[in-house]
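> Numbering (my numbering), first residue to last: 1 to 119.
Some hints could be false.
So the derived label-pair ranges between C-beta atoms look like this [as the list claims (entries may be wrong)]:
| id | residue 1 | residue 2 | range |
| --- | --- | --- | --- |
| 1 | Ala34 | Gln79 | 28 to 36 Å |
| 2 | Thr71 | Val40 | 28 to 36 Å |
| 3 | Glu59 | Asn32 | 13 to 21 Å |
| 4 | Gln81 | Thr110 | 18 to 26 Å |
| 5 | Thr110 | Glu64 | 27 to 35 Å |
| 6 | Ser21 | Gln81 | 32 to 40 Å |
Hints are computed from structural coordinates only; laboratory data are not their basis. Even glycine gets a Cβ: it sits at the ideal position worked out from N, Cα and C.
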Amino acid sequence: MKWLLVLLAVFAMTAAAADVSGTWKATVETPNGAMETTFVFKVDAGKVTGTTTMGQMGETAISEGKVDGDTVTFAVVRQGQNGEFRINYSGKATGDEMKITATIPAMDRTFEMTAKRAK
1 MKWLLVLLAV FAMTAAAADV SGTWKATVET PNGAMETTFV FKVDAGKVTG TTTMGQMGET
61 AISEGKVDGD TVTFAVVRQG QNGEFRINYS GKATGDEMKI TATIPAMDRT FEMTAKRAK
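Could you put together the complete structure from these sequences and hints?
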């Protein structure tokens with residue numbers, strides 16, 4: 001019985017969502033050069049809200065955000081020269097580092113970046 005409780009406790013700890021709350025900073029290489037990106041995440045019961053700030057594009061609210069284990073997913077809709085476009089993000093957090101993939105479906109582009117938690 002004690003072993004069962006220990007196993008359940010270990011499982012509960014590994015299944016818990018990563019703490020991604022706070023500010024994260026990354027640099028992404030784009031066809032137009034390097035672009036600084038800042039993510040500010042707030043997490044409440046697995047739901048992620050917050051903002052992204054990308055270079056001269058300014059700050060945009062996060063939508064459809066969620067965290068599941070060590071994976072965070074969210075989207076932003078930005079205004080470009082040719083109208084609105086959506087960016088889908090998926091990140092995997094390990095401690096103070098997060099590997100993020102950003103996909104822009106309308107442009108058929110994908111970017112990889114590593115974000116570091118701001119201290």
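> Decide, hint by hint, whether the structure agrees.
A quick look at each hint next to the structure:
Judged by the Cβ atoms, the range 28 to 36 Å given for Ala34 and Gln79 is violated: they are separated by roughly 22 Å. Hint check: Thr71 to Val40, Cβ distance near 18 Å, so the stated range 28 to 36 Å is violated. The given range of 13 to 21 Å is respected by Glu59 and Asn32, whose C-beta atoms sit roughly 19 Å from each other. Distance hint for Gln81 and Thr110: a CB-CB separation of about 20 Å, consistent with the stated range 18 to 26 Å.
Take Thr110 and Glu64: their Cβ atoms lie about 18 Å apart, and the range 27 to 35 Å is violated. At about 34 Å, the beta-carbon gap between Ser21 and Gln81 stays in the expected band of 32 to 40 Å.
Checked against the numbered hints given earlier, the structure breaks hints 1, 2 and 5 and satisfies all the rest.
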